[in-house]
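Q: Just need the whole structure built from these sequences, with the hints factored in.
Residue numbers (this note's numbering), protein chains in the order written: chain A, 1 to 562; chain B, 1 to 178.
In case anyone wonders, no lab produced these hints; they're calculated from the structure. Accuracy of the hints is not assured; some may be wrong.
Computed Cβ-Cβ distance ranges for the label pairs, DEER-style [stated by the list, open to error]:
| hint | chain 1 | residue 1 | chain 2 | residue 2 | range |
| --- | --- | --- | --- | --- | --- |
| 1 | B | Ser48 | A | Glu123 | 36 to 42 Å |
| 2 | A | Gly350 | B | Arg164 | 44 to 50 Å |
| 3 | A | Ala373 | B | Glu88 | 47 to 53 Å |
From a predicted model like this one, the values you see are computed outputs, not experimental measurements. Backbone N, C-alpha and C define an ideal beta-carbon position, used for all residues, glycine too.
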Amino acid sequence: MHFVWFWTFWHWSKEGFRRGSLLRKPLHGIGSHWDEWFSHEASASDLQAIEEAGKTESTQRKFIAWMIRCWARENDWPTPDMVSRFVLGQLASVPPFDKWQALESYRTSYGLTGISAIVLEAESAGNAADVRPVQALLLPADGASEIVPDGFQAGSNELETVRCAARSLLRGKGLLIFLALWAVGGHRPYSRRLRLGLGLAWLAVIGSILFLVLGPEPGEWLIPWSATMLALWSGLVLLAVTVAAWQGVRAWRQGISWSRLLERSQVRMRMPGGLTLQGESAGLPFCLNTLLALGRAPRSTRPSWLWQRVIHGLRSEAETWAATGVVTAAGYLKPVVLEAKLRACLNHPGIQDVLTPHQRDGGQPAVERIADAIASTAGLDAPITPFVSGTRFGFAAEKRALRNHACRHVAASLMAFGKLADKWQVGASIVALITSMIMVMALPDLRSILRPHPAPVAVEPGSPSPYDLWVSLDTDHPEYFSAVLESSYWSNRRAEVRRYGGVIPSVRAEIHLHRLVGRAAANDENGTIWIERRRRFLNREYLPGERVGRYSIAYLTHIGRE
Amino acid sequence: MNTETSIEQLLRWRLAQAEADAPPAPRAARLLALSRPWWESWPEQFQSLVERLGKIQIAFGHAMAEPQPARVGHPVPALLVRPVETVETSVRVLYLDVRDGRLRFRFQSEKPFGSEQKSLDVTFVCEKSQSPIATAQASLSVDNEYRLDAVISEQLSRAWEQLRVTDRMPFRLILRTE
Numbered sequence: 001m002h003f004v005w006f007w008t009f010w011h012w013s014k015e016g017f018r019r020g021s022l023l024r025k026p027l028h029g030i031g032s033h034w035d036e037w038f039s040h041e042a043s044a045s046d047l048q049a050i051e052e053a054g055k056t057e058s059t060q061r062k063f064i065a066w067m068i069r070c071w072a073r074e075n076d077w078p079t080p081d082m083v084s085r086f087v088l089g090q091l092a093s094v095p096p097f098d099k100w101q102a103l104e105s106y107r108t109s110y111g112l113t114g115i116s117a118i119v120l121e122a123e124s125a126g127n128a129a130d131v132r133p134v135q136a137l138l139l140p141a142d143g144a145s146e147i148v149p150d151g152f153q154a155g156s157n158e159l160e161t162v163r164c165a166a167r168s169l170l171r172g173k174g175l176l177i178f179l180a181l182w183a184v185g186g187h188r189p190y191s192r193r194l195r196l197g198l199g200l201a202w203l204a205v206i207g208s209i210l211f212l213v214l215g216p217e218p219g220e221w222l223i224p225w226s227a228t229m230l231a232l233w234s235g236l237v238l239l240a241v242t243v244a245a246w247q248g249v250r251a252w253r254q255g256i257s258w259s260r261l262l263e264r265s266q267v268r269m270r271m272p273g274g275l276t277l278q279g280e281s282a283g284l285p286f287c288l289n290t291l292l293a294l295g296r297a298p299r300s301t302r303p304s305w306l307w308q309r310v311i312h313g314l315r316s317e318a319e320t321w322a323a324t325g326v327v328t329a330a331g332y333l334k335p336v337v338l339e340a341k342l343r344a345c346l347n348h349p350g351i352q353d354v355l356t357p358h359q360r361d362g363g364q365p366a367v368e369r370i371a372d373a374i375a376s377t378a379g380l381d382a383p384i385t386p387f388v389s390g391t392r393f394g395f396a397a398e399k400r401a402l403r404n405h406a407c408r409h410v411a412a413s414l415m416a417f418g419k420l421a422d423k424w425q426v427g428a429s430i431v432a433l434i435t436s437m438i439m440v441m442a443l444p445d446l447r448s449i450l451r452p453h454p455a456p457v458a459v460e461p462g463s464p465s466p467y468d469l470w471v472s473l474d475t476d477h478p479e480y481f482s483a484v485l486e487s488s489y490w491s492n493r494r495a496e497v498r499r500y501g502g503v504i505p506s507v508r509a510e511i512h513l514h515r516l517v518g519r520a521a522a523n524d525e526n527g528t529i530w531i532e533r534r535r536r537f538l539n540r541e542y543l544p545g546e547r548v549g550r551y552s553i554a555y556l557t558h559i560g561r562e
Numbered sequence: 001m002n003t004e005t006s007i008e009q010l011l012r013w014r015l016a017q018a019e020a021d022a023p024p025a026p027r028a029a030r031l032l033a034l035s036r037p038w039w040e041s042w043p044e045q046f047q048s049l050v051e052r053l054g055k056i057q058i059a060f061g062h063a064m065a066e067p068q069p070a071r072v073g074h075p076v077p078a079l080l081v082r083p084v085e086t087v088e089t090s091v092r093v094l095y096l097d098v099r100d101g102r103l104r105f106r107f108q109s110e111k112p113f114g115s116e117q118k119s120l121d122v123t124f125v126c127e128k129s130q131s132p133i134a135t136a137q138a139s140l141s142v143d144n145e146y147r148l149d150a151v152i153s154e155q156l157s158r159a160w161e162q163l164r165v166t167d168r169m170p171f172r173l174i175l176r177t178e
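A: What follows is the structure, given as structure tokens:
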């Protein structure tokens with residue numbers, strides 16, 4: 001067994017906690033527990049072994065590797081990598097580890113990247129040093145789940161609000177807002193070819209609609225054309241809805257899993273400088289770093305595509321991002337003092353993107369204005385060089401490029417990190433939405449073309465007037481039928497079937513009877529009434545469809561009277 | 001240079017000179033005064049501090065929506081006595097171990113001290129009788145924690161042996177800076 005002395009210490013610490021002589025759990029108080037054990041409890045052989053382990057940088061590194069690879073994993077913690085980083089960070093500042101060269105990097109950092117917070121020092125106008133790196137670690141909770149400040153002082157209420165905002169993003173209203181933002185204008189998990197294919201398919205649907213509304217009479221092609229268009233549109237909508245729902249469900253399930261982990265964890269938020277925070281503008285970076293820490297936790301299953309994009313963005317670009325904003329428990333961002341913070345970002349050479357709340361004095365114009373001001377003063381501050389005859393100077397101070405991402409909600413900042421915002425997708429969504437609305441409006445028409453309604457039967461009431469002929473039909477879809485009078489006595493007429501109210505309500509076609517010139521009165525029952533299907537698409541009416549009924553004038557005038 | 005003076009004479013001369021330059025040995029009364037604890041040397045100051053310490057009331061009303069950490073312990077009222085001011089505070093007991101007549105004690109102030117104090121003179125004052133029961137030097141450790149290791153009386157050792165960090169402490173503290 002390697003490093004028995006560390007196991008001895010660890011068991012002393014566990015036993016001390018169990019016995020009630022130590023207040024904090026062995027892991028959470030490991031720095032001070034070690035200090036006690038090393039000062040008072042370690043045996044001579046332990047001290048000898050510790051000295052051996054710290055003799056050279058190589059032996060020190062062996063201990064570090066053992067801590068990360070063996071010790072942390074043997075304790076069955078959900079986040080062994082972060083636990084080992086925390087332990088090494090705590091031990092690095094106590095004897096004899098404070099003299100170990102190999103632990104140098106752990107004294108100031110957990111060795112993780114994080115989104116920087118912009119916290120201004122008192123009376124600072126915005127210096128590079130005000131952009132402070134933040135790192136978050138997940139440890140098993142010591143009692144209730146909480147965010148513990150490390151290297152700074154902050155109110156517990158402020159940090160609790162940050163935790164609530166993170167939880168909302170994982171399984172609450174925040175997640176719904178994130179999914180809604182993504183559904184409207186978020187990048188989809190499609191390959192380029194599929195994207196192109198889907199775009200063409202939507203164009204085909206739009207083209208079909210235009211053809212049916214404005215094009216020539218389709219004749220016998222109406223049914224296949226309508227069927228193809230409907231199938232294509234249905235497929236596209238089904239695919240879009242299925243993909244959105246599937247990704248939403250997976251993101252929600254992942255969020256639930258992370259939320260449970262958060263409930264069981266203590267988040268150690270490290271920000272160097274020993275500041276006592278006044279104000280809550282570091283809430284946004286704290287919230288994002290909490291999500292990043294959750295994303296770093298080992299997973300048994302593949303995370304959802306959406307969260308994978310977000311976490312990948314957070315991990316890979318954290319060093320070049322800074323954030324500021326007061327975050328509410330629901331994840332909304334409240335305005336902060338921006339000018340000095342933007343100046344701090346512009347003065348920091350490593351920051352390329354900054355997340356800010358959406359506010360009147362913010363946005364990219366504010367960044368450009370401050371960048372211009374810095375560039376103009378940079379020329380004035382340039383050192384004076386001795387003048388050499390014939391030399392002409394041109395001050396060309398380079399303007400810093402800084403992208404500002406103004407957000408109303410933390411969910412919007414996740415969209416920015418995941419590079420999920422897609423202008424083409426926004427356009428495509430709008431086009432798809434309008435097309436779908438048109439298709440929904442046209443669905444009854446398409447239904448009557450592709451699956452015609454049952455042929456109606458003539459029923460009472462008949463017309464009370466001898467000058468009119470009523471063709472009452474037992475149908476719920478009068479708009480898809482018309483009545484045609486063909487007679488050699490009466491002038492031929494076509495009448496739409498409508499729903500009439502009034503004294504005698506019914507669904508009928510009213511044909512005003514107009515005798516042709518020179519016809520004898522004895523032939524007034526000469527004529528046939530045909531019931532025809534009407535084929536229409538939106539406001540376009542095509543040539544009449546099949547005839548589905550045939551009645552004599554005598555039958556219709558006497559119906560209901562016998 | 002006179003070579004007739006022997007080494008012995010030379011040493012005697014040097015000794016006589018050193019004795020003449022050395023400060024006078026303290027009197028027995030002075031030595032007794034130095035060995036006395038500070039509360040006996042300045043009883044009025046101690047009395048006023050104890051009165052102030054006794055007035056510090058710390059009591060928590062548990063009205064949390066969520067469970068608190070498993071162990072919070074009971075804060076121990078403390079007075080931080082500096083040359084310019086005296087500040088009321090409370091400390092969290094992180095480690096308490098009484099064995100073989102030794103007290104090992106580790107604590108952290110609930111409110112951070114304004115300036116870093118490398119060491120503190122810690123006086124344990126009995127909660128009930130308000131009398132001083134022990135004193136020791138505490139040194140600064142990690143995370144603004146202080147630790148002390150002191151020999152205590154057998155009586156105290158027996159009384160505190162069963163004490164746990166989560167128990168209400170039978171003492172209050174006066175923390176004096178150097």
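Q: If a hint holds in the structure, say so; if it doesn't, say that too.
A: How the hints compare with the structure:
1. Ser48(B) / Glu123(A): 36 to 42 Å: 39 Å, holds
2. Gly350(A) / Arg164(B): 44 to 50 Å: 49 Å, holds
3. Ala373(A) / Glu88(B): 47 to 53 Å: 48 Å, holds
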